[in-house]
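Chemist: Residue numbers (this note's numbering), protein chains in the order written: chain Y, 179 to 414; chain L, 179 to 414; chain H, 179 to 414; chain G, 179 to 414.
Hints in this document: simulated from the structure, not taken from any laboratory. Check the hints yourself; a few may be wrong.
It does not matter which identical chain is meant; a pair holds if it fits inside one copy or across any two.
[To be verified] The list that follows gives simulated cross-link-like pairs (lysine-lysine, BS3-like), each with its CA atoms no further than 25 Å apart: (1) Lys184 to Lys227; (2) Lys210 to Lys296; (3) Lys227 to Lys407; (4) Lys321 to Lys226; (5) Lys210 to Lys411.
None of these values were measured; they are calculated from a predicted model.
There are 4 protein chains.
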Amino acid sequence: MDIVDKLTEIFKEFPGIGERQAKRFVYFLMSKNGSYAENLALLITDLKKEVAQCGECFRFFIVPARNAESIAPAGGKNGKNPVNGGINKTCDICGNTSTDSSVLMVVEKDSDLESVKKSRVYNGKYFILGGLVPIVEKNTKSKIRIEELKEKIMREARPNANALGLASRNALQEIILAFSVSPQGNHTDSYVREQIKNVADKQNIKISSLGKGLSTGTELEYSDNDTLKNALKNRQ
Amino acid sequence: MDIVDKLTEIFKEFPGIGERQAKRFVYFLMSKNGSYAENLALLITDLKKEVAQCGECFRFFIVPARNAESIAPAGGKNGKNPVNGGINKTCDICGNTSTDSSVLMVVEKDSDLESVKKSRVYNGKYFILGGLVPIVEKNTKSKIRIEELKEKIMREARPNANALGLASRNALQEIILAFSVSPQGNHTDSYVREQIKNVADKQNIKISSLGKGLSTGTELEYSDNDTLKNALKNRQ
Amino acid sequence: MDIVDKLTEIFKEFPGIGERQAKRFVYFLMSKNGSYAENLALLITDLKKEVAQCGECFRFFIVPARNAESIAPAGGKNGKNPVNGGINKTCDICGNTSTDSSVLMVVEKDSDLESVKKSRVYNGKYFILGGLVPIVEKNTKSKIRIEELKEKIMREARPNANALGLASRNALQEIILAFSVSPQGNHTDSYVREQIKNVADKQNIKISSLGKGLSTGTELEYSDNDTLKNALKNRQ
Amino acid sequence: MDIVDKLTEIFKEFPGIGERQAKRFVYFLMSKNGSYAENLALLITDLKKEVAQCGECFRFFIVPARNAESIAPAGGKNGKNPVNGGINKTCDICGNTSTDSSVLMVVEKDSDLESVKKSRVYNGKYFILGGLVPIVEKNTKSKIRIEELKEKIMREARPNANALGLASRNALQEIILAFSVSPQGNHTDSYVREQIKNVADKQNIKISSLGKGLSTGTELEYSDNDTLKNALKNRQ
């Protein structure tokens, strides 16, 4: 396997990229001048250095350069590079005091969070579950962060006890399950509800799911039965 | 303009059919044997004879053959053929005593009604508005059946007074506006609400709209802002 | 099966139309006023009356109204309506003295002929084979007009002997096989070549096939092997 | 502009990648573990080190590792790294004695060459022009390698005089212009023909273009006029 094949294999893992386009990427890189490739390689390396995974919501985020040292002193102190994905950091949403800490939206993956964030319709906190629960599944816990979610709920329910001492935060009042509308998304909704029911009840925290019904562009004539059913049930 | 062009023009009015496919239809008919075309022409003619427009919901429907005479005697009496779309007939939904007459769903067009009917998630009555209200529009009333809707609401609000004497029916309690989620659909929703507000209030009838939110297949990552906003607002 | 279902079944046979669109056509017709449907039914009936199948090329064509009697006197004489698809008529291409009778293009179906005719790149005669030859096929002759093609070649090779007495026509010099580039199209090309080889050789008539190579819009990067092979072989 | 935006900008230059997918690539990289990104960055850097541009056909190719030193000693001698795209190297097609040196196919870009090579229908030499000639264009020479092509033709016409001493090679007998079938491709064909006419004539070298006509999958019914015209002209 020569270098063209090796790179093709790696590009094939990129989201939405097949064998053919992966190979085109390699030929594209071959034909670009050296500085383009050098710059790309450098940025990819830097990206991983500047990326951290938020210890609160598990989102990947870029650590702002000027704060890098104060946020991640452990890695810097003993002369090592800051650990990639070091988990004792807090992202700009979780660390922002203007974020509404009374609601917590549980999403499947980072791109879901970015999409909701970009829409500016929600100002609360997030939690990245890390996947959906397959309908036939034995070993669920190892794949999604259900235990971490329970711990997060416990922490947010009594913010005064929070180690970071962000005393001004509101206590968590509602958990919003926000999964795609698909058999697996619906199954994940049920599974998570059941798992967090006890801890939420104890803390008097409401559990809700995103509303289902007609979405933008939906035409009644072409709607599926489930969508019509939900739209009718949720009429108002 | 020869007969090929004339037929092409007519087929071009069929839903979803452009010039090219319209012409293919004509060549297709030319190449089929005579009995196929004859049969088609006959069925089209019969269709219009068997079709009536319901005087209650304005839906087009097929008059069952065995009832044709008793349902539409007026046309027959004076020796004329029964008028197509004669409006003193009642369709199998409006005339069915098992239909729930306490709810009335207002839809844009026949195919919307057929879609909801087929989904079996709704057992109430319908009303075909006959179109959407364009956002910039002066002469709305002439295009949609807003006056007919008001009269229908009046009638259904006090079923005992109904001329047909269907005394067992329930009084109308809720009007469900069921338009597509688009600027024009939303505008029609607002327009109809305003127009029927007085009559509905007087009769203590609730006005609702189909629920908006995530529809089947919606992925959070690719949702538009309005859908996210509705899904969040209508969470439960 | 009511009339809606019956018409749906018929529309489903239209080229490119599935169950769903077929049903939409029926609802569309139900909602149109009576004169639209009446007009459509009338034109469909008239179409079959005005259509004839050319006795020379087997194309379906519209018999010009003013010539209908003189062209098809046989049917008229004995008081019957002119027979649909009566085969003793000649279309406007075959009957036109400015058509180049030295070349004969053999195509699969009527719409292929109309497409080539419309392009104005060919001024010769046509012959509609009536189908392609499936690759695995026992009973080919009954499906395509191979015997009729041989007879046509015989007639055109010696135009003086032609019953219609069109003495000024040129003798046939070349037969152009014009089938789609697909396994079945290629197979039909081979089959027809073999079948007409003897008669063509005897009359000193050349057999050719449409050129293969890059077609408009073809990008080298995405070309299949066969197209590249043909483009290379047919370079000039 | 943070690192996410910078990387998004770079990925946007990848063939077929828009803003949205470019950003997804970045989030994808953020979520992958460090070794994946490290490996990718390393391979991209290595790719540019192992890539050379062939001095004969201007194709980019991977220099086989074991030959790297002997092929590119110049760069090594004076202590520098071998120059990326060093132009005194010869690719595996140009340097292969089994390549038929009597034909030279002129293509637009590397991916065209790879496509033809992969099809195994051609065993001759190639020349990468480096682009197409826009129809309205003043400063053409600076963009495509027309002078280099003329020099190449001169060299290949008299192979004995070639500096590399590959005496066994055949003299060039035919140049095949192989551009996409589009207005710009056709224009480039004309332009290159005119430019190389003199030198080719002097050396008695034929100039041809790839054959045009029906390509695989073309249906007669849907063919454009140019394709029909070419298919008819190039019938055989």
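Chemist: If a hint holds in the structure, say so; if it does not, say that too.
Modeler: Now for the hints, and whether the structure bears them out:
For the homomeric pair Lys184 and Lys227, the shortest alpha-carbon distances inside one copy (23 Å) and between copies (15 Å) are both at most 25 Å. Taking the closest pair of Cα atoms, Lys210 and Lys296 come within 25 Å of each other only across two copies (22 Å); inside a single copy the shortest separation is 33 Å, beyond that limit. With identical chains, the CA atoms of Lys227 and Lys407 are never at most 25 Å apart, being 48 Å at best within one copy and 35 Å at best between copies. Within a single copy, Lys321 and Lys226 get their C-alpha atoms as close as 23 Å, which meets the 25 Å cut-off; across copies the closest is 38 Å, which misses it.
For the homomeric pair Lys210 and Lys411, neither the shortest alpha-carbon distance inside one copy (56 Å) nor that between copies (34 Å) is at most 25 Å.
Checked against the numbered hints listed earlier, the structure breaks hints 3 and 5; every other hint is satisfied.
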